[in-house]
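Here the protein sequences come in this chain order: A and B. Residue numbers for the first sequence follow this note's numbering, beginning at 1 and rising by one. Residue numbers for the second sequence follow this note's numbering, beginning at 75 and rising by one.
Rather than coming from a laboratory, the hints here were simulated on the basis of the structure. In this text, a Cβ means the ideal position worked out from N, Cα and C, and glycines have one as well. Incorrect hints may have been included.
To be verified - Taking CB as the label site, the calculated pair distances span: (1) B:87 with A:35: 20 to 28 angstroms; (2) A:54 with B:131: 17 to 25 angstroms; (3) A:1 with B:127: 14 to 22 angstroms.
As the list claims (entries may be wrong) - Anything over 12 angstroms on all C-beta distances counts as not near chain B; from chain A, calculated: (4) 48; (5) 65; (6) 72.
Number of protein chains: 2
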Amino acid sequence: MKRVRVLIRPKKGLLDPQGRAVQEMLQDQGFKAKRVTVGKLVEIELEGDQDVKTLVERYIVNPLIEDYEIEEIV
Amino acid sequence: MKRVRVLIRPKKGLLDPQGRAVQEMLQDQGFKAKRVTVGKLVEIELEGDQDVKTLVERYIVNPLIEDYEIEEIV
Numbered sequence: 001m002k003r004v005r006v007l008i009r010p011k012k013g014l015l016d017p018q019g020r021a022v023q024e025m026l027q028d029q030g031f032k033a034k035r036v037t038v039g040k041l042v043e044i045e046l047e048g049d050q051d052v053k054t055l056v057e058r059y060i061v062n063p064l065i066e067d068y069e070i071e072e073i074v
Numbered sequence: 075m076k077r078v079r080v081l082i083r084p085k086k087g088l089l090d091p092q093g094r095a096v097q098e099m100l101q102d103q104g105f106k107a108k109r110v111t112v113g114k115l116v117e118i119e120l121e122g123d124q125d126v127k128t129l130v131e132r133y134i135v136n137p138l139i140e141d142y143e144i145e146e147i148v
């Protein structure tokens, strides 16, 4: 059994309207938020030895607009 | 400058329809996905020494339906 965590962020340079909205809201509340990004967290438990990178690139992220990192959870 | 990563997941025991949908899709594609959760990844750069826990609990997560973890990024 393998557990993987996929951290997905809007690609740098592309708009992140949700992050921008959160940043402005935090600033309005008095927090000195310099930068906020809002992305997705996908955690998958897989049986056997499967090709996680292919799975993630083909079915989980949209590489045109998203960057991602895969972490194995021990 | 402090960078924090907030990992947000649907609370255990509550429905995670998005995770269920991804799991079924992966299984249909032949992957032995035992469990999938879909949550949010929020990354924040803050200036100065601010109360991150309060910020997160008050403005970022909905503690009724979400669990979260805060990680400092070095």
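Check your understanding: Is it correct that the beta-carbon of residue 65 of chain A has no partner in chain B closer than or equal to 12 angstroms?
Key -> holds, 15 angstroms
**Study point:** residue 72 of chain A and chain B, when compared Cβ to Cβ, separated by more than 12 angstroms
**Key:** At roughly 15 angstroms from the nearest Cβ of chain B, residue 72 of chain A sits farther out than 12 angstroms, so the non-interface label holds.
Check your understanding: That 14 to 22 angstroms hint for residue 1 of chain A and residue 127 of chain B (C-beta), does it hold up?
Key -> For residue 127 of chain B against residue 1 of chain A, whose Cβ atoms are near 32 angstroms apart, the range 14 to 22 angstroms is violated.
**Study point:** Pairwise beta carbon distance, residue 87 of chain B to residue 35 of chain A, judged against the given window 20 to 28 angstroms
**Key:** violated, 34 angstroms
Exercise for review: Decide, holds or violated, for the assertion that all CB atoms of chain B are farther than 12 angstroms from the CB of residue 48 of chain A.
Suggested key: Violated, because the least Cβ-Cβ distance between residue 48 of chain A and chain B comes to about 6 angstroms, which does not exceed 12 angstroms.
**Study point:** Range hint 17 to 25 angstroms (beta carbons of residue 54 of chain A and residue 131 of chain B) holds or violated
**Key:** About 38 angstroms separates the Cβ atoms of residue 54 of chain A and residue 131 of chain B, which means 17 to 25 angstroms is violated.
Hint compliance for this structure: hints 1, 2, 3, 4 are broken, all remaining hints hold.
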